[in-house]
Amino acid sequence: QKEVEQNSGPLSVPEGAIASLNCTYSDRVSQSFFWYRQYSGKSPELIMSIYSNGDKEDGRFTAQLNKASQYVSLLIRDSQPSDSATYLCAVSPGNQFYFGTGTSLTVIP
Amino acid sequence: DAGITQSPRHKVTETGTPVTLRCHQTENHRYMYWYRQDPGHGLRLIHYSYGVKDTDKGEVSDGYSVSRSKTEDFLLTLESATSSQTSVYFCAISDRGEVQPQHFGDGTRLSIL
Chain A
1 QKEVEQNSGP LSVPEGAIAS LNCTYSDRVS QSFFWYRQYS GKSPELIMSI YSNGDKEDGR
61 FTAQLNKASQ YVSLLIRDSQ PSDSATYLCA VSPGNQFYFG TGTSLTVIP
Chain B
1001 DAGITQSPRH KVTETGTPVT LRCHQTENHR YMYWYRQDPG HGLRLIHYSY GVKDTDKGEV
1061 SDGYSVSRSK TEDFLLTLES ATSSQTSVYF CAISDRGEVQ PQHFGDGTRL SIL
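Chains as they are written, first to last, in the numbering used here: chain A, 1 to 109; chain B, 1001 to 1113.
Among the hints, a few may not be true.
Label pairs and their in silico Cβ distance ranges [to be verified]:
id, chain 1, residue 1, chain 2, residue 2, range
1, A, Ser26, B, Asp1054, 24 to 32 angstroms
2, A, Arg77, B, Glu1014, 44 to 52 angstroms
3, B, Glu1027, A, Ser40, 24 to 32 angstroms
No lab work stands behind these hints: they were computed from the structure.
Note that the structure is a prediction, hence the values are computed from the model and not measured.
Cβ atoms here follow ideal geometry from the backbone N, Cα and C, with glycine treated the same way.
Excised from the complex, chain A in its bound form (with noise of 0.2 angstroms):
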């Protein structure tokens, strides 16, 4: 069983919409959680951390995090054309990170 799971999309948005990333985990002892995006070619550059239930906000993202329920999340709002990326999740239990395969955002103009 993979440590992190993500719908590998693609996910299409139109621009200024919402986009809706998701991420569950399998290891219950997971303390911190990221969100990175990679763009073709490049490499991953962190979006957001967070390691408290609820949810954290900076500028147009937002990660939400659920312990309970394994399951993290990150919103864009107001997408544009520049987000569009492969987006990774990524756990930490310990001093490894595991990450998922990524989804892929297209924000259509």
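Chain A is fixed; fit chain B onto it per the hints.
Only chain B this time, still in chain A's reference frame:
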């Protein structure tokens, strides 16, 4: 941007040859990681280091070795490259392990013919 430099950025080599990839950081971070990224598999951890001369295996360590003789350098060696090791390799660094996010280098695209 985190000061992480990977070299080489691209390499083509033949099956059976040894290959060494280098990751150099200027952030003085304790933790360094090597990942490979393949379609359908995402990022998979090969090896990581939690200090000078302190390393541990990751999920896909077979066929790879690492060394860290200085805080700033983490080397990944393929002793005898195979075509299955064709991939994009990323180095990442972190200051405090699991409680701090990792920051990635630009990657090395390795092709083994």
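Structure-based check of all given hints:
In this structure the hint that Ser26 (chain A) and Asp1054 (chain B) lie 24 to 32 angstroms apart at CB holds, the actual value being about 27 angstroms. Between Arg77 (chain A) and Glu1014 (chain B) the beta carbons are some 50 angstroms apart, a value that agrees with the proposed interval 44 to 52 angstroms. The hinted range of 24 to 32 angstroms is satisfied by Glu1027 (chain B) and Ser40 (chain A), whose Cβ atoms lie roughly 26 angstroms apart.
The structure meets every hint from the earlier list without exception.
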